[in-house]
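Using the working numbering, you'd call the opening residue of the sequence shown number 141 and step up by one each time.
The hints are simulated quantities; they were obtained by calculation from the structure and are not laboratory data.
For clarity, every value in this text was computed on a predicted model and none was experimentally measured.
A few of these clues could be false.
Derived SDA-like pairs (lysine to any residue); straight-line CA-CA distance at most 20 Å [as the list claims (entries may be wrong)]:
hint, residue 1, residue 2
1, Lys193, Ala182
2, Lys176, His207
3, Lys216, Asn236
4, Lys216, His201
5, Lys200, Asp166
6, Lys216, Leu226
7, Lys216, Gln174
8, Lys216, Ile181
9, Lys176, Ser205
10, Lys200, Glu220
11, Lys176, Phe203
12, Lys193, Glu220
13, Lys216, Glu170
14, Lys193, Glu229
15, Lys200, Glu224
Here are the computed distance ranges between Cβ atoms for each label pair [what the hints assert, rightly or not]:
hint, residue 1, residue 2, range
16, Asp211, Gly165, 30 to 38 Å
17, Ser177, Ser222, 31 to 39 Å
18, Asp166, Leu189, 14 to 22 Å
19, Ser222, Lys176, 30 to 38 Å
Ideal Cβ placement from N, Cα and C applies to all residues, glycine included.
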Amino acid sequence: MKENQTDACDACGVSAEIGYIISEGDDVAEVTIQAKSPEAIAARFEQYLDLAKSINPAVKHDFDSQHIKNDALTIKMQFECSAEKLIFELRSRSLNNA
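The task is simple: from the sequences and hints, build the whole structure.
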């Protein structure tokens, strides 16, 4: 006879993991954009900014074309709450693959 097994499985503890992902104060998303020219990086940033503003029009960012080095730029986007940041990260996956 098999005893009841109480080991954790992939579906167990989902709420605990979500609570871990959405933590208070974790409201800054970091995006790295790579392209062949500063103009292409700026155009790509606009796509990310449009997406971020669709989640929260009050999003803040530190985009500055003067900081583009080696055809890449890392940008920080600050949302008003952690959930907005998480939504942005999930939705921006489609931009990452484009």
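Hints versus structure:
1. The straight-line distance between the Cα atoms of lysine 193 and alanine 182 is roughly 16 Å, inside the 20 Å bound, and the hint therefore holds.
2. Distance hint between lysine 176 and histidine 207 is fulfilled; the C-alpha atoms sit about 15 Å from each other, no more than 20 Å.
3. Taking the CA atoms of lysine 216 and asparagine 236, the gap is about 16 Å. The hint holds against a cut of 20 Å.
4. In summary, the hint linking lysine 216 to histidine 201 is supported, as the alpha carbons are separated by about 6 Å, within the 20 Å threshold.
5. Taking the CA atoms of lysine 200 and aspartate 166, the gap is about 14 Å. The hint holds against a cut of 20 Å.
6. Distance restraint check for lysine 216 and leucine 226: the Cα-Cα separation of roughly 14 Å lies within the 20 Å cut-off, and the hinted pair is therefore satisfied.
7. Taking the CA atoms of lysine 216 and glutamine 174, the gap is near 15 Å; set against the 20 Å cutoff, the hint holds.
8. Simply put, lysine 216 and isoleucine 181 have alpha-carbon atoms about 14 Å apart, close enough for the 20 Å limit, and the pair holds.
9. In summary, the hint linking lysine 176 to serine 205 is supported, as the alpha carbons are separated by about 14 Å, within the 20 Å threshold.
10. Between lysine 200 and glutamate 220 the alpha-carbon distance is near 9 Å, which keeps this suggested pair within the 20 Å criterion.
11. Of the pairs offered as hints, the one joining lysine 176 and phenylalanine 203 holds, with about 17 Å between alpha carbons and a cut-off of 20 Å not exceeded.
12. This hinted pair checks out: lysine 193 and glutamate 220 have alpha carbons roughly 12 Å apart, not beyond 20 Å.
13. Pair hint lysine 216 plus glutamate 170 holds up; C-alpha atoms about 5 Å apart against a cutoff of 20 Å.
14. With a C-alpha separation of about 13 Å, the suggested pairing of lysine 193 with glutamate 229 holds against the 20 Å cut-off.
15. Simply put, lysine 200 and glutamate 224 have alpha-carbon atoms about 12 Å apart, close enough for the 20 Å limit, and the pair holds.
16. A hinted range of 30 to 38 Å for the beta carbons of aspartate 211 and glycine 165 is consistent with their spacing of about 32 Å.
17. The given range of 31 to 39 Å is respected by serine 177 and serine 222, whose C-beta atoms sit roughly 34 Å from each other.
18. At about 20 Å, the beta-carbon gap between aspartate 166 and leucine 189 stays in the expected band of 14 to 22 Å.
19. One distance hint, 30 to 38 Å for the beta-carbon pair serine 222 and lysine 176, holds here, with the actual separation near 34 Å.
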